[in-house]
Amino acid sequence: MLDSKTPAGPLKEKWDNYKNSCKLVNPANKRKHTVLVVGTGLAGGSAAATLAELGYNVKSFCIQDSPRRAHSIAAQGGINAAKNYPNDGDTVWRLFYDTIKGGDYRSREANVYRLAQVANNIIDQAVAQGVPFAREYGGLLDNRSFGGAQVSRTFYARGQTGQQLLLGAYQAMSRQIGAGNIEMFARQEMLDLVTINGKARGIITRNLVTGEIERHVGDAVLLCTGGYGNVYYLSTNAKNSNVTAAWRAHKRGAYFANPCYTQIHPTCIPVSGDYQSKLTLMSESLRNDGRVWVPKDPGDTRSPRDIPEDDRDYYLERRYPSFGNLVPRDVASRNAKSVTDEGRGVGETKLAVYLDFADAIRRLGKDTIEARYGNLFEMYERITGENPYEMPMRIFPAVHYTMGGLWVDYELQSSVPGLFVLGEANFSDHGANRLGASALMQGLSDGYFVIPYTLGNYIAGTEMDAVGTDHPAFAEAEDASTSRIDQLLSVQGDKTVVEFHRELGKIMWDEVGMSRTKEGLQRAIDQISALRDEFWQNVRVPGEPTHHNKYLEFAGRVADFLELGELMARDALEREESCGGHFREEYQSPEGEAMRNDEDFTHVAAWEHREDGSKVRHTEDLEFENVQLTTRSYK
Amino acid sequence: MIITLKVWRQEGPDVPGRFETYKVPDANPHMSFLEMLDVLNEQLIKEGKDPVEFDYDCREGICGSCGVVIDGQAHGPQQRTACCQLHMRHYKDGDTIVIEPWRAEGFPIIRDLVVDRSAFDRIVAAGGYVSVNTGAAPDANSIPVPKDDADLSMDYATCIGCGACVAGCPNASASLFTAAKISHLALLPQGDPERERRAKSMVDQMASEGFGDCSNHAECEAVCPKGISIDAIARMRREYMRAVRG
Numbered sequence: 001m002l003d004s005k006t007p008a009g010p011l012k013e014k015w016d017n018y019k020n021s022c023k024l025v026n027p028a029n030k031r032k033h034t035v036l037v038v039g040t041g042l043a044g045g046s047a048a049a050t051l052a053e054l055g056y057n058v059k060s061f062c063i064q065d066s067p068r069r070a071h072s073i074a075a076q077g078g079i080n081a082a083k084n085y086p087n088d089g090d091t092v093w094r095l096f097y098d099t100i101k102g103g104d105y106r107s108r109e110a111n112v113y114r115l116a117q118v119a120n121n122i123i124d125q126a127v128a129q130g131v132p133f134a135r136e137y138g139g140l141l142d143n144r145s146f147g148g149a150q151v152s153r154t155f156y157a158r159g160q161t162g163q164q165l166l167l168g169a170y171q172a173m174s175r176q177i178g179a180g181n182i183e184m185f186a187r188q189e190m191l192d193l194v195t196i197n198g199k200a201r202g203i204i205t206r207n208l209v210t211g212e213i214e215r216h217v218g219d220a221v222l223l224c225t226g227g228y229g230n231v232y233y234l235s236t237n238a239k240n241s242n243v244t245a246a247w248r249a250h251k252r253g254a255y256f257a258n259p260c261y262t263q264i265h266p267t268c269i270p271v272s273g274d275y276q277s278k279l280t281l282m283s284e285s286l287r288n289d290g291r292v293w294v295p296k297d298p299g300d301t302r303s304p305r306d307i308p309e310d311d312r313d314y315y316l317e318r319r320y321p322s323f324g325n326l327v328p329r330d331v332a333s334r335n336a337k338s339v340t341d342e343g344r345g346v347g348e349t350k351l352a353v354y355l356d357f358a359d360a361i362r363r364l365g366k367d368t369i370e371a372r373y374g375n376l377f378e379m380y381e382r383i384t385g386e387n388p389y390e391m392p393m394r395i396f397p398a399v400h401y402t403m404g405g406l407w408v409d410y411e412l413q414s415s416v417p418g419l420f421v422l423g424e425a426n427f428s429d430h431g432a433n434r435l436g437a438s439a440l441m442q443g444l445s446d447g448y449f450v451i452p453y454t455l456g457n458y459i460a461g462t463e464m465d466a467v468g469t470d471h472p473a474f475a476e477a478e479d480a481s482t483s484r485i486d487q488l489l490s491v492q493g494d495k496t497v498v499e500f501h502r503e504l505g506k507i508m509w510d511e512v513g514m515s516r517t518k519e520g521l522q523r524a525i526d527q528i529s530a531l532r533d534e535f536w537q538n539v540r541v542p543g544e545p546t547h548h549n550k551y552l553e554f555a556g557r558v559a560d561f562l563e564l565g566e567l568m569a570r571d572a573l574e575r576e577e578s579c580g581g582h583f584r585e586e587y588q589s590p591e592g593e594a595m596r597n598d599e600d601f602t603h604v605a606a607w608e609h610r611e612d613g614s615k616v617r618h619t620e621d622l623e624f625e626n627v628q629l630t631t632r633s634y635k
Numbered sequence: 001m002i003i004t005l006k007v008w009r010q011e012g013p014d015v016p017g018r019f020e021t022y023k024v025p026d027a028n029p030h031m032s033f034l035e036m037l038d039v040l041n042e043q044l045i046k047e048g049k050d051p052v053e054f055d056y057d058c059r060e061g062i063c064g065s066c067g068v069v070i071d072g073q074a075h076g077p078q079q080r081t082a083c084c085q086l087h088m089r090h091y092k093d094g095d096t097i098v099i100e101p102w103r104a105e106g107f108p109i110i111r112d113l114v115v116d117r118s119a120f121d122r123i124v125a126a127g128g129y130v131s132v133n134t135g136a137a138p139d140a141n142s143i144p145v146p147k148d149d150a151d152l153s154m155d156y157a158t159c160i161g162c163g164a165c166v167a168g169c170p171n172a173s174a175s176l177f178t179a180a181k182i183s184h185l186a187l188l189p190q191g192d193p194e195r196e197r198r199a200k201s202m203v204d205q206m207a208s209e210g211f212g213d214c215s216n217h218a219e220c221e222a223v224c225p226k227g228i229s230i231d232a233i234a235r236m237r238r239e240y241m242r243a244v245r246g
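Residue numbers (my numbering), protein chains in the order written: chain S, 1 to 635; chain P, 1 to 246.
Fair warning: there could be bad hints in the mix.
For lysine to aspartate or glutamate, the following DMTMM-like pairs were computed, each having C-alpha atoms within a straight-line distance of at most 20 Å [said to hold, decoys possible]:
hint, chain 1, residue 1, chain 2, residue 2
1, S, Lys-495, S, Asp-533
2, P, Lys-49, S, Asp-486
3, P, Lys-226, S, Glu-378
4, P, Lys-49, S, Asp-494
5, P, Lys-46, S, Glu-503
6, P, Lys-92, P, Asp-26
7, S, Lys-495, P, Asp-26
8, S, Lys-495, P, Glu-42
9, S, Lys-506, S, Asp-274
10, S, Lys-495, P, Asp-38
11, S, Lys-366, S, Glu-386
12, S, Lys-83, P, Asp-14
13, P, Lys-147, S, Asp-142
14, P, Lys-6, P, Glu-100
15, P, Lys-92, S, Glu-381
16, P, Lys-226, P, Asp-155
17, S, Lys-506, P, Glu-42
18, P, Lys-46, S, Glu-553
19, P, Lys-226, S, Glu-381
20, S, Lys-495, P, Asp-50
21, P, Lys-46, S, Glu-544
22, P, Lys-23, P, Asp-116
23, S, Lys-495, P, Glu-100
24, P, Lys-226, S, Glu-370
25, P, Lys-49, S, Glu-386
26, P, Lys-92, S, Glu-386
27, P, Lys-46, S, Asp-274
None of these hints come from the bench; they were simulated from the model.
Go ahead and model the full structure; you've got the sequences and the hints to work with.
Right under this line is the structure:
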């Protein structure tokens, strides 16, 4: 049984109790401690800046050419906080409750409550940094409702909230880089974690320009390396998003929690052909005014404008009269799958449904719709070549976010002492399903307001051995990284890295995607294992290890995805219930709704990697002392 | 559709580069421009040749990683569009397309179409921020900001740092990039106390990185995927004068 180290006391006092009793590092001593921060998204950027402000000696690493480009930049919609500026009844408790219910009761109460508590500080901090949030004419901040919440608690900066928050964190980091408190290593990829006497003490990185392998030593390592949605090949993630840093840490002892919890976002632009390299999300705010439908008859090939009302099936409105088109993401996605499975999908591939604005345009006028969604409509037209003011959009679900990740305790510390995991890379706050506008909140909460306390507690309370990069553990990890690169380059087979990745993605999407079955998951495990064997026999990686070599980078990442994919299938197989983003066809109500099994599965599954290569499933029981577990119903 | 590509190939910063010609026999109008380059690279790898190195990440026009000069235009022919969102339907069967890296002294070539834009990070580190430590912020609504100022500030803040402005400029000036950040922060009360120090440090840093000066050519605005106005540059000049002359 895993210990979450949740502090004692009533829910509302836990974080204060923790802060009142955690150990502190003397200001003069902080600069003697080096902290390695991997990743520069909202979590890593905010953590690096804040720790450097406190006086720690920070080394920061990112795979992009600049810390400003981390994938947090692509988040569109907004960030939640319970400021209650609109006076519509919001409280910290409601933000907590909505988040834990939205996660289908598979997250830790104390973590989620802390998240809701510090959310307000994030908004204050971002505004002070110069984040240009949307404002009212009176000069005060504007809010909107999002993701089906009953209050308006989402702060936003047009459709580019992630960009603006990330630039805020990046600028705070830049100030510390200029001051010499952060040493920045861009175009560097972490290839391994170095543990010494059971503690995380360093990392091995590859310089992506020169190919040189580097060793970095520190007193603690922070992984802020994002999610693993690219295991599906096609996802809304950036092309370089990957699991490698987290996976290598897993193989060095960090438990991987709930890998099967993935979020499939319902409103993305559909796949158009085999060459497709990624999928583009359209903000779910579109569902506020768009109506989702498919033809009633699978054989209906008429243009959507020629299909009369009576021959259309507005299936979300029909099945969920009270929430209609605004059901949560997981429900909307599963329903799109079920109508396309019935052969009623639209467009060339038949893997799409319509999102129609004709009624909204008639009701509100084109100008209003343009003011609300103009930039999204423009983006849609740029990609598809179709004008959504005249023709309904075609949309389809796509992999968007992974709720699973490395297991962490209340202090965000993994099962390896000294290894902390922040943001999407950890598993902690979203349970089995993440609500809209809460990813940005979590990344920044972890980095700005949680880690400064918990890291200090660790450093102040831990005896550090004086070690340098000449320690044999560094040599061993470096050799392992180098020989893996040599191995990848030496195969020189017939199939490209992209071909393997695409095949893996297809298996994952078909069997470990929106709905899962026992047989399908077993089939996936066999197929992935066979594909992995073939990869190491037959992959072709071009070029040399000593120069900028994108396909060599990809090869290492795909090799890790080929291991992770199997673990995701195993985790999904063992979780014999449906919850949030994890839907097992065997566990559904007669109406086709997800059925949780609280009796047997109100726990976190955290997977240990053993030296012999086997995986062991540990559990952490989730105790709900403050909320009642209910069935989510959107009828 | 069949597309012919003339692509700049260069093994490293200090070796001479050259154009190589390739044919992509199965380009598709629905592909993005970068997906067409992916297809080319798959072809090259299968033939045992080195693929073309180019930068990209989000492929939805927001991260600013990608950027190549296409037929002489930074990011290609479609206005307000990063090349990751340019689609092949803007080309026709049989077209020949010339692809080059950003060319500027401030952006040394790393390999093929990949350039080093770290000068931009150094310009920001010189002063492109508000000095506020985590935890020191007052309540978010304690300082009202006129909506028009906030909106204009946001117009400048949307800069994605791709470097197209430099690539498009005959002087390889980084003025639009630097001015966008100075303007974003100068328009907000939060950025006000250090606006003079910021303008001076950032402009000085820009000059020291080997970028040229602005001569109001305005190609930067034309190629900017976010359509950032050169009004920013006028504002930067005012801020700079204010800083040096008081």
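Honestly, which of those hints from before does the structure not fit? The structure breaks hints 12, 22, 23 and 25; every other hint is satisfied.
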